[in-house]
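Visitor: Sequence:
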Amino acid sequence: VEESELHSQSGSLVVSLFGLGPCTELLTVNPVALLGAGHPMKPHRLSLTHSLVLHYGLYKKMMVFKPYKASQHDMCRFHSEDYIDFLQKVSPNNMQGFTKSLNTFNVGDDCPVFPGLFEFCSRYTGASLQGATQLNHKICDIAINWAGGLHHAKKFEASGFCYVNDIVISILELLKYHPRVLYIDIDIHHGDGVQEAFYLTDRVMTVSFHKYGNYFFPGTGDMYEVGAESGRYYCLNVPLRDGIDDQSYRQLFQPVIKQVVDFYQPTCIVLQCGADSLGCDRLGCFNLSIRGHGECVEFVKSFGIPLLVLGGGGYTVRNVARCWWYFEYFAPDFTLHPDVSTRIENQNTRQYLEQIRQTVFENLKMLNHAPSVQIHDVPNDLLSYDRTDEPDPDERGAEDDKGEGSQL
Numbered sequence: 001v002e003e004s005e006l007h008s009q010s011g012s013l014v015v016s017l018f019g020l021g022p023c024t025e026l027l028t029v030n031p032v033a034l035l036g037a038g039h040p041m042k043p044h045r046l047s048l049t050h051s052l053v054l055h056y057g058l059y060k061k062m063m064v065f066k067p068y069k070a071s072q073h074d075m076c077r078f079h080s081e082d083y084i085d086f087l088q089k090v091s092p093n094n095m096q097g098f099t100k101s102l103n104t105f106n107v108g109d110d111c112p113v114f115p116g117l118f119e120f121c122s123r124y125t126g127a128s129l130q131g132a133t134q135l136n137h138k139i140c141d142i143a144i145n146w147a148g149g150l151h152h153a154k155k156f157e158a159s160g161f162c163y164v165n166d167i168v169i170s171i172l173e174l175l176k177y178h179p180r181v182l183y184i185d186i187d188i189h190h191g192d193g194v195q196e197a198f199y200l201t202d203r204v205m206t207v208s209f210h211k212y213g214n215y216f217f218p219g220t221g222d223m224y225e226v227g228a229e230s231g232r233y234y235c236l237n238v239p240l241r242d243g244i245d246d247q248s249y250r251q252l253f254q255p256v257i258k259q260v261v262d263f264y265q266p267t268c269i270v271l272q273c274g275a276d277s278l279g280c281d282r283l284g285c286f287n288l289s290i291r292g293h294g295e296c297v298e299f300v301k302s303f304g305i306p307l308l309v310l311g312g313g314g315y316t317v318r319n320v321a322r323c324w325w326y327f328e329y330f331a332p333d334f335t336l337h338p339d340v341s342t343r344i345e346n347q348n349t350r351q352y353l354e355q356i357r358q359t360v361f362e363n364l365k366m367l368n369h370a371p372s373v374q375i376h377d378v379p380n381d382l383l384s385y386d387r388t389d390e391p392d393p394d395e396r397g398a399e400d401d402k403g404e405g406s407q408l
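Counting in the working numbering, the final residue of the sequence shown is number 408, and the numbers go up one at a time with none missing.
By construction, these hints were calculated from the structure, which means they are not laboratory data. For clarity, every value in this text was computed on a predicted model and none was experimentally measured. Take these hints with a grain of salt, some might be off.
Pairs of lysine-lysine, DSBU-like flavour, derived with a Cα cap of 30 Å [what the hints assert, rightly or not]:
1) K176 to K365
2) K258 to K176
3) K365 to K258
4) K176 to K61
5) K176 to K155
6) K61 to K258
7) K138 to K258
8) K100 to K155
9) K61 to K138
10) K138 to K69
11) K89 to K69
12) K138 to K176
13) K69 to K176
14) K100 to K69
15) K89 to K155
16) K89 to K100
17) K155 to K69
18) K60 to K138
For each label pair, taking beta carbons as the anchor points, the in silico distance ranges come out as [claimed, not checked]:
19) R232 to Q88: 35 to 41 Å
20) S71 to Q358: 44 to 50 Å
21) S71 to N94: 17 to 23 Å
22) Q355 to S71: 42 to 48 Å
23) H137 to K61: 16 to 22 Å
24) Q358 to S302: 20 to 26 Å
C-beta: ideal position from N, C-alpha, C; glycine also.
Given only the sequences and the hints, what does the whole structure look like? Please build it.
Guide: Structure follows, in structure tokens:
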């Protein structure tokens, strides 16, 4: 996110950033050893993002927090106890004794067991949860956790590189204070785990822009998946074809999101910013630039609604970090906006995009506009709010303060 995207014209926005520091400590020890050299998910992209935030001075425009660690209890707000208990116990050293559980919980090739698995889940989930709590308490206007956004995880199993669905858990926390939460997903893969979790309710509206067809993972997200029971028409999918570029994406994204906000009137928005929709992504097939991706964030921010911004997919490490500094990682061009255009033909014809737009707008007409809900007794927060800002990297602290709390 560019510096200009973090501030309103009045400069009055308060932005909180979570998750980068402590996750960096965990993930830079040996990023290849965590998931394996051939695995497309590269956790050290978080380190690069953190470095860019520091070197561009963006941390001066934000409050940076050491994130809360989510407990088993927190994760079981959505996931089954058996699944979370398994994640806490399994390790590379004992996984041979969990053969049946590995199959049951879909942990293996795409979602491997690695050292510190539960710790990793606890940190990225806790950061998203803390962001939701700060929004609930009006501590900030925008909360950011680039380590979060793992939208494929299901109630009973891992899926698509995702173990714990921090998005669902954060939305459940937001619903304690917000009658309506809008979830927007711009990852190239359909946000199936979040859609499934809220498919039967009108308290959460899910909107996903993604590649669909030709057996592309996860194989869901047809425009006719619209929700069911109380949630009918509160699920909106925008299935796209290969090669969509900035202009085509913008012409679809902005009018659709504006209509959704006008009809649904959300009191809080959660935005998943998977960077695998960028051109040149290892697993992607879109042709978006970093600037085009950022325009989506800017447009959502322009509504002035409390916003939780999360990461997600993204498998070309240099571009993920640029989108969301180690100079050697950016050689030879050393630029924040590299050319990520590809030779993939834009198969999203004007007629196809118009068909999608018309179908989406017809579905929106079926909504009862903004559903109301009376919140009488607000449940206790999953964490008591304790404001623990990260120390300013530009200020030298006392020698006794060089403990864990002073790490970035």
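Visitor: List, from low to high, the hint numbers that the structure doesn't satisfy.
Guide: No hint contradicted; all consistent.
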